[in-house]
Amino acid sequence: MTTPAAPSISIRTRGLNLWYGDFQALNNIDLNVRHGQITALIGPSGCGKTTLLRCFNRINERYGYVRTTGEIQILGQNIYAPDISLIELRKAVGMVFQRPNPLPISIYENVVFGLRVHTPRRKLRKPELDEVVEKALREVYLWDEVKDRLHARGTDLQLAEQQKLCIARLLPLKPEIILMDEPCSALDSEATLGIEELMLALAGRYTILVVTHNMAQARRVSEECAFMLLGKVIEHDRTANLFLTPRDSQTADYVEGRYG
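Quick note: the sequence shown uses numbering that gives the first Met the number 0, first residue 0, plus one each step.
Since the hints were derived computationally from the structure, they do not count as laboratory data. A quick note: this is a predicted structure, and the numbers were derived from the prediction, not measured. Some hints could be false.
Dumping the calculated EDC-like pairs for lysine to aspartate or glutamate here, alpha-carbon to alpha-carbon at most 16 angstroms [said to hold, decoys possible]: (1) 146 <-> 108; (2) 146 <-> 129; (3) 134 <-> 144; (4) 231 <-> 29; (5) 90 <-> 175; (6) 146 <-> 133; (7) 173 <-> 144; (8) 173 <-> 130; (9) 125 <-> 108; (10) 231 <-> 255; (11) 122 <-> 144; (12) 173 <-> 70; (13) 173 <-> 138; (14) 134 <-> 108.
Throw the hints in and build the complete structure from the sequences for me.
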């Protein structure tokens, strides 16, 4: 995808609806995600957070019973336009899942995996790959821990290190947007803090949209927050405003712990 110069909005949806068969999971979603910051999606389980997140790289379409209407623009382009390449879209919009999913190959090969897949016609020289690996691992604060065991299996790392490796695997493809689906749900409190610090360090260079069930985490890391309920975005505002002075009573009930 071609990136416009310094876009103020990385993701824009208008009238977005999604059905799983006969069940409508998303209802008339209008949402703007600002460029270069962390935006959190919060709400009770089953409210549509993950479904919405997966719309932005069209991963929902892997299920044959999914139907979508409305508009999604990524970096100013309609991702449903006939000339949009799913390969290029998913390079521009990387995804990190709830549970770390490194490939059962070496740390080194995990980092360069996407690069090898997406540049099959050009032989990548080892010095070039070495530089890519070091840069990506430094960017996720993992280089010092693994630089002497790059050929160990990625699946042998601790869970927090595995999640960092999964983020590092995205970076050689130079994504503009990183989607994170509860990236700390499998981690303990110390490891969670490490991933949060990494997210804050990556913000600015990347637009990050994170689904989280952890209200404290949303307050710590996000600049803006969207509250979802029953497939709708109820309220979207600066995070401090949404938590301290919510405009909608349903938002207030949720952030104050009266349900969810």
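A quick look at each hint next to the structure:
Distance restraint check for residue 146 and residue 108: the Cα-Cα separation of roughly 13 angstroms lies within the 16 angstroms cut-off, and the hinted pair is therefore satisfied. Note on residue 146 and residue 129: the hinted pairing holds, with a Cα-Cα distance of about 11 angstroms set against a maximum of 16 angstroms. The straight-line distance between the Cα atoms of residue 134 and residue 144 is roughly 14 angstroms, inside the 16 angstroms bound, and the hint therefore holds. A C-alpha spacing of about 9 angstroms is found between residue 231 and residue 29, which places the hinted pair at or below 16 angstroms, so the restraint holds.
Simply put, residue 90 and residue 175 have alpha-carbon atoms about 8 angstroms apart, close enough for the 16 angstroms limit, and the pair holds. About 8 angstroms separates the Cα atoms of residue 146 and residue 133, which keeps this hinted pair within 16 angstroms; it holds. Among the hinted pairs, residue 173 with residue 144 is inconsistent with the structure: their alpha-carbon atoms are about 23 angstroms apart, more than 16 angstroms. At roughly 14 angstroms between alpha-carbon atoms, residue 173 and residue 130 fall within 16 angstroms of each other, so this suggested pair holds.
In summary, the hint linking residue 125 to residue 108 is supported, as the alpha carbons are separated by about 12 angstroms, within the 16 angstroms threshold. Under the criterion of a C-alpha separation no larger than 16 angstroms, the hint pairing residue 231 with residue 255 is inconsistent with the structure, at around 19 angstroms. Simply put, residue 122 and residue 144 have alpha-carbon atoms about 29 angstroms apart, too far for the 16 angstroms limit, and the pair is violated. Only pairs whose Cα atoms come within 16 angstroms are accepted, and residue 173 paired with residue 70 is rejected, the gap being roughly 25 angstroms.
For the hint pairing residue 173 with residue 138, the CA-to-CA distance comes to about 12 angstroms; that is within 16 angstroms, so the pair holds. The hinted pair formed by residue 134 and residue 108 meets the criterion: a straight-line CA distance of about 14 angstroms does not exceed 16 angstroms.
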